[in-house]
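I would like the entire structure built from these sequences, with the hints used as guidance.
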Amino acid sequence: MVTTDAAQPYNAVSSAAIQSIVAQVWEALFESTAVLTAPIAPDSLGPDAWTASVEVFGAWEGAVSLTCSAAAGEEMTRLMLGLTESDELDPLDLGDALGELVNVVGGNLKSLVDGCTLGLPQVGPVTPWLRPPLAVLHIGWGAGAVCVAVHDRQNHEEQS
Amino acid sequence: MKIVLADDSRVMRQIVIRTMRQAGYSGHDIIEATDGADALQKIEEHHPDLVLSDWNMPTMTGIELLRGLRSAGNAVPFGFVTSEGSPEMRSTAEQAGALFVIAKPFTADGFRDILDPLVGSLM
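Residue numbers (my numbering), protein chains in the order written: chain A, 1 to 160; chain B, 1 to 123.
Read the hints as simulated data drawn from the structure, not as lab findings.
No experiment lies behind these values; they were computed from the predicted model shown.
A hint or two may mislead.
[To be verified] Chain A side only, calculated, beta carbon under 10 Å to chain B, not exhaustive:
| hint | residue |
| --- | --- |
| 1 | Q24 |
| 2 | E27 |
| 3 | D90 |
| 4 | D93 |
| 5 | D96 |
| 6 | E100 |
| 7 | N108 |
| 8 | S111 |
| 9 | L112 |
| 10 | V113 |
| 11 | L118 |
| 12 | P121 |
| 13 | W129 |
Beta carbons: idealized from backbone N, C-alpha and C, even for Gly.
Laid out in structure tokens, this is it:
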């Protein structure tokens, strides 16, 4: 298992929890297994890489982010929309799909801690992590990876 | 059956529609709404048999939509399709008048399990 736990201020917010959630999401949306791979720095996923994130407020203040290459993002969007490789992909759908993907992961993680609310997903260019996240999964996708990370509030503010 | 489907994500609306089709619910008139306010307008216009709504949406959330409907005397059958499936949220949904909560990520079987017992009373 290639994950890191920089800190666990809340027992519910753990690598095991995020891994379980991601496994369910990958199975439901992509009909595939989320296979963990070697760590990859998000800002090494190429100039057109994307980051989608959603904030959690309340008893636990943090965020969940998903970072992927442009190619991986397009593939995931096609799978979510049931499109073939030859179907035209609306660029707006890519941001929508990645936002929804992080929303589903974040919403499930938020449900593990009572007294939290979920923000609306944000999607944009990759920003490097200034501090290690609480937990991170590196999931193999094609020749690259998708990084799903859990950040505490201070981390997220420093990144925005 | 006429259904209003509210979610600010077009991609998720398409996934819901596709999953419903896989669950055997094809051929229904599905009216898409982009948020709670849009859904409210379309509910008033189209008088659906069922409303499926996300929880967290801009402009008007799903729970605000539901509470608005019920306070106006609109008893349209209402269910949430949301990533926020905590016990706390489910209790809030039930108290506000929702019939069910389908948690994302969902499957066709999950939709069938929830909707099959209700279909007779919805149409």
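Now the hints, each set against the structure:
{"no.": "1", "hint": "Q24", "result": "holds, 6 Å"}
{"no.": "2", "hint": "E27", "result": "holds, 8 Å"}
{"no.": "3", "hint": "D90", "result": "holds, 9 Å"}
{"no.": "4", "hint": "D93", "result": "holds, 6 Å"}
{"no.": "5", "hint": "D96", "result": "holds, 5 Å"}
{"no.": "6", "hint": "E100", "result": "holds, 4 Å"}
{"no.": "7", "hint": "N108", "result": "holds, 6 Å"}
{"no.": "8", "hint": "S111", "result": "holds, 4 Å"}
{"no.": "9", "hint": "L112", "result": "holds, 8 Å"}
{"no.": "10", "hint": "V113", "result": "holds, 9 Å"}
{"no.": "11", "hint": "L118", "result": "holds, 5 Å"}
{"no.": "12", "hint": "P121", "result": "holds, 8 Å"}
{"no.": "13", "hint": "W129", "result": "violated, 24 Å"}
The structure shown violates just one earlier hint, number 13.
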